[in-house]
Amino acid sequence: MQQPFPRGEISALVLAIVSGTAESGQDSLERLDALVGAAVDGTPDILYDDDLQLALFCMYELHYSGIDGAGDDWEWNPDLLRVRHRIEAAFEHRVRDEVVLPELPGATRDAVCAELFRMTGEDSGPSMSRFVARSATNDQLREFLVHKSVYQLKEADPHTFAIPRLAGRAKAALVEIQADEYGNGLPARMHSALFARTMRELGMDDTYGAYLDKVPAITLATNNLMSLFGLNRRLRGAIVGHLAAYEMTSSQPNRLYSRGFKRHGYGEDALEYFDEHVEADAVHEQIAGRDMAGGLVESDPRLLQDVLFGAAAGLAVDTLMTVHIMAAWEAGRSSLRASESMAS
Numbered sequence: 000m001q002q003p004f005p006r007g008e009i010s011a012l013v014l015a016i017v018s019g020t021a022e023s024g025q026d027s028l029e030r031l032d033a034l035v036g037a038a039v040d041g042t043p044d045i046l047y048d049d050d051l052q053l054a055l056f057c058m059y060e061l062h063y064s065g066i067d068g069a070g071d072d073w074e075w076n077p078d079l080l081r082v083r084h085r086i087e088a089a090f091e092h093r094v095r096d097e098v099v100l101p102e103l104p105g106a107t108r109d110a111v112c113a114e115l116f117r118m119t120g121e122d123s124g125p126s127m128s129r130f131v132a133r134s135a136t137n138d139q140l141r142e143f144l145v146h147k148s149v150y151q152l153k154e155a156d157p158h159t160f161a162i163p164r165l166a167g168r169a170k171a172a173l174v175e176i177q178a179d180e181y182g183n184g185l186p187a188r189m190h191s192a193l194f195a196r197t198m199r200e201l202g203m204d205d206t207y208g209a210y211l212d213k214v215p216a217i218t219l220a221t222n223n224l225m226s227l228f229g230l231n232r233r234l235r236g237a238i239v240g241h242l243a244a245y246e247m248t249s250s251q252p253n254r255l256y257s258r259g260f261k262r263h264g265y266g267e268d269a270l271e272y273f274d275e276h277v278e279a280d281a282v283h284e285q286i287a288g289r290d291m292a293g294g295l296v297e298s299d300p301r302l303l304q305d306v307l308f309g310a311a312a313g314l315a316v317d318t319l320m321t322v323h324i325m326a327a328w329e330a331g332r333s334s335l336r337a338s339e340s341m342a343s
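Note that numbering that gives the first Met the number 0 gives residue 186 to position 187 of the sequence shown, counting from 1, and the numbers run on in steps of one.
Since the hints were made in silico from the structure, they are not lab data.
It should be emphasised that the depicted structure is a prediction, and the values quoted were computed from it without experimental measurement.
Please note that a few of the clues may not be correct.
DSSO-like, lysine-lysine: derived pairs with alpha carbons at most 27 Å apart [claimed, not checked]: (1) LYS153 - LYS170; (2) LYS261 - LYS153; (3) LYS261 - LYS147.
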């Protein structure tokens, strides 16, 4: 990933450290630790803190495709991981404050699946998919793709970290879902590749991270949440719950997204990403809810609360991002940083 522009002192120092341009390695790490400690204590809301969310995103990115100019050795540097953990802890605490867990169902596949369908069926915020289908302008379609591109261009990767942490039915179900996400061995059918093609059809840059500088902190937070869950084994139940909720809320919205792009005259190459998810995720939601999430809980009932937390957390933070985007669009503003419209 190309280096993003810093959004404050912390993200600037993180990028300088990992790219080897900081004045002194160890002194810089100690300074970073002090800055992060003060920031997590003083931020009004870490979910909307551009500097902290970008810093966390960049530290997570070391586990994915990496950052241009950053040394690979930084991925497991214990001092940098210690700093990351301070941001993670504050981030997780804030997310847990946002989430109200339901009454726990029985630790059976059917009960877990039913509860997840109930949770995902509740309408807890504005509908971006209906707006895109009926009203979104072409510039708003492009903004929509900018927000989604942060995850969709590496679609499925955060959840794949869970595979070696599961066993039996849950593991097999997760692998079945992920195989579809990765195109069943066909590079052109990978969902990330289909999304990239949609971007190209709209004349956009499909390079991973190309629009990272444009998205607000809350968009980064939705992505950081997946990495938080995926990279911490203790949260393996949460990443499973997150994926289950994601699959269960995908089919119908993607049908509406496709309708919105078709309304503007875009053809099959732009629509295929959305149409593929209408079909695939209608199947995935059953596998994810019953076999993956339910299977995990049946094999280890201690993870029931974590599974439901992951689902609820994903829904809650995604809703906050949707509220931000819809509020901007309904006010006639861009939803991107510094009011950068896609027409500019």
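Verification of the supplied hints:
no., hint, result
1, LYS153 - LYS170, "holds, 21 Å"
2, LYS261 - LYS153, "holds, 25 Å"
3, LYS261 - LYS147, "holds, 18 Å"
Hint check: no violations occur; every hint is consistent with the structure.
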